[in-house]
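Chains as they are written, first to last, in this note's numbering: chain B, 36 to 171; chain H, 36 to 171; chain S, 36 to 171; chain D, 36 to 171; chain U, 36 to 171; chain L, 36 to 171.
One or more hints might be untrue.
Unchecked claim - Taking lysine-lysine and the BS3-like style, the derived pairs with C-alpha atoms no more than 25 Å apart in a straight line are:
{"#": "1", "chain 1": "L", "residue 1": "Lys-37", "chain 2": "U", "residue 2": "Lys-151"}
{"#": "2", "chain 1": "D", "residue 1": "Lys-86", "chain 2": "H", "residue 2": "Lys-100"}
{"#": "3", "chain 1": "L", "residue 1": "Lys-37", "chain 2": "U", "residue 2": "Lys-86"}
{"#": "4", "chain 1": "H", "residue 1": "Lys-127", "chain 2": "B", "residue 2": "Lys-37"}
{"#": "5", "chain 1": "H", "residue 1": "Lys-103", "chain 2": "H", "residue 2": "Lys-86"}
{"#": "6", "chain 1": "B", "residue 1": "Lys-86", "chain 2": "H", "residue 2": "Lys-86"}
{"#": "7", "chain 1": "U", "residue 1": "Lys-103", "chain 2": "H", "residue 2": "Lys-100"}
{"#": "8", "chain 1": "S", "residue 1": "Lys-37", "chain 2": "L", "residue 2": "Lys-100"}
{"#": "9", "chain 1": "H", "residue 1": "Lys-100", "chain 2": "H", "residue 2": "Lys-127"}
{"#": "10", "chain 1": "B", "residue 1": "Lys-100", "chain 2": "S", "residue 2": "Lys-103"}
{"#": "11", "chain 1": "D", "residue 1": "Lys-37", "chain 2": "B", "residue 2": "Lys-143"}
{"#": "12", "chain 1": "U", "residue 1": "Lys-37", "chain 2": "S", "residue 2": "Lys-151"}
{"#": "13", "chain 1": "B", "residue 1": "Lys-103", "chain 2": "S", "residue 2": "Lys-103"}
{"#": "14", "chain 1": "B", "residue 1": "Lys-86", "chain 2": "D", "residue 2": "Lys-37"}
{"#": "15", "chain 1": "S", "residue 1": "Lys-68", "chain 2": "H", "residue 2": "Lys-143"}
{"#": "16", "chain 1": "S", "residue 1": "Lys-37", "chain 2": "L", "residue 2": "Lys-127"}
{"#": "17", "chain 1": "B", "residue 1": "Lys-37", "chain 2": "D", "residue 2": "Lys-37"}
{"#": "18", "chain 1": "B", "residue 1": "Lys-37", "chain 2": "H", "residue 2": "Lys-147"}
{"#": "19", "chain 1": "U", "residue 1": "Lys-37", "chain 2": "S", "residue 2": "Lys-150"}
{"#": "20", "chain 1": "D", "residue 1": "Lys-86", "chain 2": "H", "residue 2": "Lys-86"}
{"#": "21", "chain 1": "B", "residue 1": "Lys-143", "chain 2": "L", "residue 2": "Lys-143"}
{"#": "22", "chain 1": "U", "residue 1": "Lys-37", "chain 2": "S", "residue 2": "Lys-86"}
{"#": "23", "chain 1": "U", "residue 1": "Lys-100", "chain 2": "H", "residue 2": "Lys-103"}
{"#": "24", "chain 1": "S", "residue 1": "Lys-68", "chain 2": "U", "residue 2": "Lys-68"}
{"#": "25", "chain 1": "B", "residue 1": "Lys-86", "chain 2": "B", "residue 2": "Lys-147"}
{"#": "26", "chain 1": "L", "residue 1": "Lys-37", "chain 2": "L", "residue 2": "Lys-147"}
{"#": "27", "chain 1": "H", "residue 1": "Lys-68", "chain 2": "S", "residue 2": "Lys-143"}
{"#": "28", "chain 1": "L", "residue 1": "Lys-151", "chain 2": "S", "residue 2": "Lys-37"}
{"#": "29", "chain 1": "U", "residue 1": "Lys-37", "chain 2": "S", "residue 2": "Lys-147"}
{"#": "30", "chain 1": "B", "residue 1": "Lys-37", "chain 2": "H", "residue 2": "Lys-37"}
{"#": "31", "chain 1": "B", "residue 1": "Lys-37", "chain 2": "H", "residue 2": "Lys-143"}
Claimed, not checked - Here are the simulated distance ranges between beta carbons:
{"#": "32", "chain 1": "B", "residue 1": "Arg-163", "chain 2": "H", "residue 2": "Ser-169", "range": "25 to 35 Å"}
{"#": "33", "chain 1": "B", "residue 1": "Lys-127", "chain 2": "S", "residue 2": "Arg-163", "range": "45 to 55 Å"}
{"#": "34", "chain 1": "B", "residue 1": "Lys-150", "chain 2": "U", "residue 2": "Ser-162", "range": "39 to 49 Å"}
Unchecked claim - From chain L, some residues computed to sit far from chain S (all C-beta separations above 12 Å):
{"#": "35", "residue": "Arg-42"}
{"#": "36", "residue": "Pro-72"}
{"#": "37", "residue": "Lys-147"}
{"#": "38", "residue": "Lys-150"}
Hints were generated in silico from the structure; no laboratory data involved.
All C-beta atoms, glycine included, are put in the ideal place defined by N, C-alpha and C.
Protein chains: 6
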Amino acid sequence: MKVTVNRIAHFNAAHRLYNADWTDARNANVFGKCANPHYHGHNYELIVSVKGEIHPETGFVMDMKILKSLIETEIEEQFDHKNLNEEVREFKTLNPTAENIAVVIWNKLRPKIDKKLALSITLYETSRNFVTYSGE
Amino acid sequence: MKVTVNRIAHFNAAHRLYNADWTDARNANVFGKCANPHYHGHNYELIVSVKGEIHPETGFVMDMKILKSLIETEIEEQFDHKNLNEEVREFKTLNPTAENIAVVIWNKLRPKIDKKLALSITLYETSRNFVTYSGE
Amino acid sequence: MKVTVNRIAHFNAAHRLYNADWTDARNANVFGKCANPHYHGHNYELIVSVKGEIHPETGFVMDMKILKSLIETEIEEQFDHKNLNEEVREFKTLNPTAENIAVVIWNKLRPKIDKKLALSITLYETSRNFVTYSGE
Amino acid sequence: MKVTVNRIAHFNAAHRLYNADWTDARNANVFGKCANPHYHGHNYELIVSVKGEIHPETGFVMDMKILKSLIETEIEEQFDHKNLNEEVREFKTLNPTAENIAVVIWNKLRPKIDKKLALSITLYETSRNFVTYSGE
Amino acid sequence: MKVTVNRIAHFNAAHRLYNADWTDARNANVFGKCANPHYHGHNYELIVSVKGEIHPETGFVMDMKILKSLIETEIEEQFDHKNLNEEVREFKTLNPTAENIAVVIWNKLRPKIDKKLALSITLYETSRNFVTYSGE
Amino acid sequence: MKVTVNRIAHFNAAHRLYNADWTDARNANVFGKCANPHYHGHNYELIVSVKGEIHPETGFVMDMKILKSLIETEIEEQFDHKNLNEEVREFKTLNPTAENIAVVIWNKLRPKIDKKLALSITLYETSRNFVTYSGE
Numbered sequence: 036m037k038v039t040v041n042r043i044a045h046f047n048a049a050h051r052l053y054n055a056d057w058t059d060a061r062n063a064n065v066f067g068k069c070a071n072p073h074y075h076g077h078n079y080e081l082i083v084s085v086k087g088e089i090h091p092e093t094g095f096v097m098d099m100k101i102l103k104s105l106i107e108t109e110i111e112e113q114f115d116h117k118n119l120n121e122e123v124r125e126f127k128t129l130n131p132t133a134e135n136i137a138v139v140i141w142n143k144l145r146p147k148i149d150k151k152l153a154l155s156i157t158l159y160e161t162s163r164n165f166v167t168y169s170g171e
Numbered sequence: 036m037k038v039t040v041n042r043i044a045h046f047n048a049a050h051r052l053y054n055a056d057w058t059d060a061r062n063a064n065v066f067g068k069c070a071n072p073h074y075h076g077h078n079y080e081l082i083v084s085v086k087g088e089i090h091p092e093t094g095f096v097m098d099m100k101i102l103k104s105l106i107e108t109e110i111e112e113q114f115d116h117k118n119l120n121e122e123v124r125e126f127k128t129l130n131p132t133a134e135n136i137a138v139v140i141w142n143k144l145r146p147k148i149d150k151k152l153a154l155s156i157t158l159y160e161t162s163r164n165f166v167t168y169s170g171e
Numbered sequence: 036m037k038v039t040v041n042r043i044a045h046f047n048a049a050h051r052l053y054n055a056d057w058t059d060a061r062n063a064n065v066f067g068k069c070a071n072p073h074y075h076g077h078n079y080e081l082i083v084s085v086k087g088e089i090h091p092e093t094g095f096v097m098d099m100k101i102l103k104s105l106i107e108t109e110i111e112e113q114f115d116h117k118n119l120n121e122e123v124r125e126f127k128t129l130n131p132t133a134e135n136i137a138v139v140i141w142n143k144l145r146p147k148i149d150k151k152l153a154l155s156i157t158l159y160e161t162s163r164n165f166v167t168y169s170g171e
Numbered sequence: 036m037k038v039t040v041n042r043i044a045h046f047n048a049a050h051r052l053y054n055a056d057w058t059d060a061r062n063a064n065v066f067g068k069c070a071n072p073h074y075h076g077h078n079y080e081l082i083v084s085v086k087g088e089i090h091p092e093t094g095f096v097m098d099m100k101i102l103k104s105l106i107e108t109e110i111e112e113q114f115d116h117k118n119l120n121e122e123v124r125e126f127k128t129l130n131p132t133a134e135n136i137a138v139v140i141w142n143k144l145r146p147k148i149d150k151k152l153a154l155s156i157t158l159y160e161t162s163r164n165f166v167t168y169s170g171e
Numbered sequence: 036m037k038v039t040v041n042r043i044a045h046f047n048a049a050h051r052l053y054n055a056d057w058t059d060a061r062n063a064n065v066f067g068k069c070a071n072p073h074y075h076g077h078n079y080e081l082i083v084s085v086k087g088e089i090h091p092e093t094g095f096v097m098d099m100k101i102l103k104s105l106i107e108t109e110i111e112e113q114f115d116h117k118n119l120n121e122e123v124r125e126f127k128t129l130n131p132t133a134e135n136i137a138v139v140i141w142n143k144l145r146p147k148i149d150k151k152l153a154l155s156i157t158l159y160e161t162s163r164n165f166v167t168y169s170g171e
Numbered sequence: 036m037k038v039t040v041n042r043i044a045h046f047n048a049a050h051r052l053y054n055a056d057w058t059d060a061r062n063a064n065v066f067g068k069c070a071n072p073h074y075h076g077h078n079y080e081l082i083v084s085v086k087g088e089i090h091p092e093t094g095f096v097m098d099m100k101i102l103k104s105l106i107e108t109e110i111e112e113q114f115d116h117k118n119l120n121e122e123v124r125e126f127k128t129l130n131p132t133a134e135n136i137a138v139v140i141w142n143k144l145r146p147k148i149d150k151k152l153a154l155s156i157t158l159y160e161t162s163r164n165f166v167t168y169s170g171e
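Work out the full structure: start from the sequences and follow the hints.
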């Protein structure tokens, strides 16, 4: 009896889309106004999904208080009110697209969650754009 | 050509998280304020998802009016404005976590829906916590 | 230059609608399934609105961190995961309708907020029912 | 490393549910008020989901500006502020249920999107009814 | 102690914007694609707001069950799954803009609600456009 | 017969809260993580509200297509995907709090809208914080 439990969190961050190997003109051409060197920002909405068996004693797949706390420590404290390009190590050399941010979040949370549980990350960059990554 | 059709419904209920085999202290320790013996409550949002072939004459996988009516009879009438622990038979001996409520809803609806159709249940306990169960 | 600033918070609570001066039959007749003696519950969404002049040095009408903290101390800690009828002093003798809960919240917050600022409370009981009280 | 990227769009359209091979009485019986010959309408919300590898140079699975533009040209311009039964070729002979609209949208977009990318369509007909089609 | 109570409802309808005193060209020029003679449609979201004193015995400004029932009888049954121009008497000679629909709804509900209570109507035509009318 | 018409728009921007007359320590103390010199950002949601008489020929208070276009030219083009502190003239010397952004937007739109129409601005900085300014 496998159930997926999902926890929603938020962080507000600045970023720009930029490939350091390209000229500024090519960056502007590919990324448009998202390449603005002065940065812009988003209210990111994050859904962390964990799938596994229900524990018969607790009725939980995973204690949501523990998952909430993990998201705060591993993601919110490191991303919230930050400039992703300038202040988050992973994005020094990786373009902080929604796709890449989702992969980075998955990589940060995966080692902290029981291996028997499947992990999936959904990230809304705006109310009209979102991505999902499940480690496949 | 398989399509999933989804119907959203709501019920408002009281519950507490509690394992009758444990001491009160252990219940308080594991379930925190959710173990409050005076109960608290939620506006539960339920998404019932049914997947199957489109019927060529109607263009329906399943008539939504029938699905809506099934949810009313089987779930809303039995859960809405109720105390889940005290008034719903299944939770007399089962902790009403979101995970377990989703499994109970799946078990109640599964016999009422054509076996050729796959069934999945999503249940929001709050706007930040939700679970999904597909009978696997 | 008066601006209204609004802060949204949530609490999950059990309640029942009940007038102790009435018979059970009359309570059931007037309040319907909301009178269920075993209680039901809601995810309440609270909007606290404060109107006043923008402070020229900060650009704030009121520091949102302080308002957030006030709501946590005065409202969330006292209402969240509680049974309003049984555990909140004001509702021992007052029917916890959305209207009365909004008035109680206003009365609790009013003395804690600068008199020069106007205060208004909006409370969603469900996604389809909400109330507003401004102290008039 | 496969990520799903999702883009949300909207169109407002009139339709009625109707099988031309049936009598009016049978249409009314099966489709209820949805068979009204004067039409009714909806604000359709469309989620187009595209799954594939992240391109290492851009960090994109697919450029969202291109996907947005495709949805505008192929779907919004043809469906928005239209009568689906009267003005959209596919529904001259196909009942415009949410299921069939999702399949038609999938069929329109599939040839325009790189074959290496998987495509899935989610369509909300109302805030309580939605369908998903993935070409299976 | 005056509180505003608000009840949300929905109806799905077809309409077109059209002034019968104008040429088709002028209608097309002013109303754009909203003038499409084949109609388009919307999921209208309606908020009915009633302001007055809290009744000391019930804790209600107005019984929400009565307000819900009034909205069903007076508005939903007459507008839902209808073509506003063709099937709703008031719009035979009145352009069914969101503004005019809100005024018509206010006029229909005002005589049914206690004169001591103030009435206000909010109507969402889409998730990006809405109007409010308070009888002023 | 006065109706308020409301149009919703969005812009994504970077900002920091900062008073140039203060020390960095005082900025950090008052504005907390919002003072981060590397900036953070938000998806701002803007509601522009215009109140006036319904024009009898059109049924409009104001043509929404014109209002939408005004918001695009005056606000979105100047704020979207920008760094408010660095790239928007008004915030060179004014702290871009939600309150001040709302006032700046009101001041930009007021001269472009008929004086007979009242104007009000609502700005969501996050899903939990929003402000309203009506020119009073």
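A quick look at each hint next to the structure:
Under the criterion of a C-alpha separation no larger than 25 Å, the hint pairing Lys-37(L) with Lys-151(U) is consistent with the structure, at around 21 Å. With a C-alpha separation of about 33 Å, the suggested pairing of Lys-86(D) with Lys-100(H) is violated against the 25 Å cut-off. Distance check on the hinted pair: Lys-37(L) and Lys-86(U) sit about 19 Å apart at the alpha-carbon level, within 25 Å; holds. Restraint check: the Cα-Cα separation between Lys-127(H) and Lys-37(B) comes to about 22 Å, which is no more than 25 Å; the hinted pair holds.
In summary, the hint linking Lys-103(H) to Lys-86(H) is supported, as the alpha carbons are separated by about 15 Å, within the 25 Å threshold. A hinted pair counts as satisfied when its Cα atoms are at most 25 Å apart, and Lys-86(B) with Lys-86(H) qualifies at roughly 21 Å. In summary, the hint linking Lys-103(U) to Lys-100(H) is supported, as the alpha carbons are separated by about 21 Å, within the 25 Å threshold. A C-alpha spacing of about 29 Å is found between Lys-37(S) and Lys-100(L), which places the hinted pair above 25 Å, so the restraint is violated.
Our distance criterion of 25 Å between C-alpha atoms is broken by Lys-100(H) and Lys-127(H), whose separation comes to about 32 Å. Distance restraint check for Lys-100(B) and Lys-103(S): the Cα-Cα separation of roughly 21 Å lies within the 25 Å cut-off, and the hinted pair is therefore satisfied. With a CA separation close to 17 Å, the supplied pair Lys-37(D) and Lys-143(B) stays within the 25 Å bound. A distance of roughly 21 Å separates the Cα atoms of Lys-37(U) and Lys-151(S); the hinted pair therefore holds under the 25 Å criterion.
Under the criterion of a C-alpha separation no larger than 25 Å, the hint pairing Lys-103(B) with Lys-103(S) is consistent with the structure, at around 19 Å. Restraint check for Lys-86(B) and Lys-37(D): satisfied, since their Cα atoms lie roughly 19 Å apart, inside the 25 Å limit. Straight-line distance between C-alpha atoms of Lys-68(S) and Lys-143(H) comes to about 22 Å, which keeps the hinted pair within the 25 Å bound. This hinted pair checks out: Lys-37(S) and Lys-127(L) have alpha carbons roughly 22 Å apart, not beyond 25 Å.
Using a Cα cut-off of 25 Å, the hinted pair Lys-37(B) and Lys-37(D) holds, with the two alpha carbons roughly 23 Å apart. Proposed proximity of Lys-37(B) and Lys-147(H) is supported: the alpha carbons are some 22 Å apart, at most 25 Å. Between Lys-37(U) and Lys-150(S) the CA atoms are separated by roughly 20 Å; this keeps the pair inside 25 Å, and the hint holds. A distance of roughly 21 Å separates the Cα atoms of Lys-86(D) and Lys-86(H); the hinted pair therefore holds under the 25 Å criterion.
The straight-line distance between the Cα atoms of Lys-143(B) and Lys-143(L) is roughly 44 Å, outside the 25 Å bound, and the hint therefore fails. A distance of roughly 19 Å separates the Cα atoms of Lys-37(U) and Lys-86(S); the hinted pair therefore holds under the 25 Å criterion. The suggested pairing of Lys-100(U) with Lys-103(H) holds, with an alpha-carbon distance near 21 Å, which does not exceed 25 Å. Only pairs whose Cα atoms come within 25 Å are accepted, and Lys-68(S) paired with Lys-68(U) is rejected, the gap being roughly 47 Å.
As the CA atoms of Lys-86(B) and Lys-147(B) are separated by approximately 14 Å, the hinted pair is consistent with the 25 Å bound. With a C-alpha separation of about 20 Å, the suggested pair Lys-37(L) and Lys-147(L) falls inside the 25 Å cut-off, and the hint holds. This hinted pair checks out: Lys-68(H) and Lys-143(S) have alpha carbons roughly 22 Å apart, not beyond 25 Å. Our distance criterion of 25 Å between C-alpha atoms is met by Lys-151(L) and Lys-37(S), whose separation comes to about 21 Å.
Our distance criterion of 25 Å between C-alpha atoms is met by Lys-37(U) and Lys-147(S), whose separation comes to about 22 Å. The straight-line distance between the Cα atoms of Lys-37(B) and Lys-37(H) is roughly 23 Å, inside the 25 Å bound, and the hint therefore holds. Our distance criterion of 25 Å between C-alpha atoms is met by Lys-37(B) and Lys-143(H), whose separation comes to about 17 Å. Evaluation of the 25 to 35 Å hint for Arg-163(B) and Ser-169(H) yields a pass: the beta carbon distance comes to about 28 Å.
Range check, Lys-127(B) to Arg-163(S): about 48 Å between beta-carbon atoms, so the 45 to 55 Å window is met. About 41 Å separates the C-beta atoms of Lys-150(B) and Ser-162(U), a value consistent with the hinted range of 39 to 49 Å. At the 12 Å boundary, the C-beta of Arg-42(L) stays outside the reach of chain S, the nearest C-beta of that chain being 19 Å off. Even its closest Cβ contact with chain S, about 17 Å, leaves Pro-72(L) beyond 12 Å, as expected for a residue assigned away from the interface.
Against the 12 Å criterion, Lys-147(L) stays outside the reach of chain S, whose nearest CB is about 20 Å from its own CB. No beta-carbon of chain S is positioned within 12 Å of the beta-carbon of Lys-150(L); the least distance is around 19 Å.
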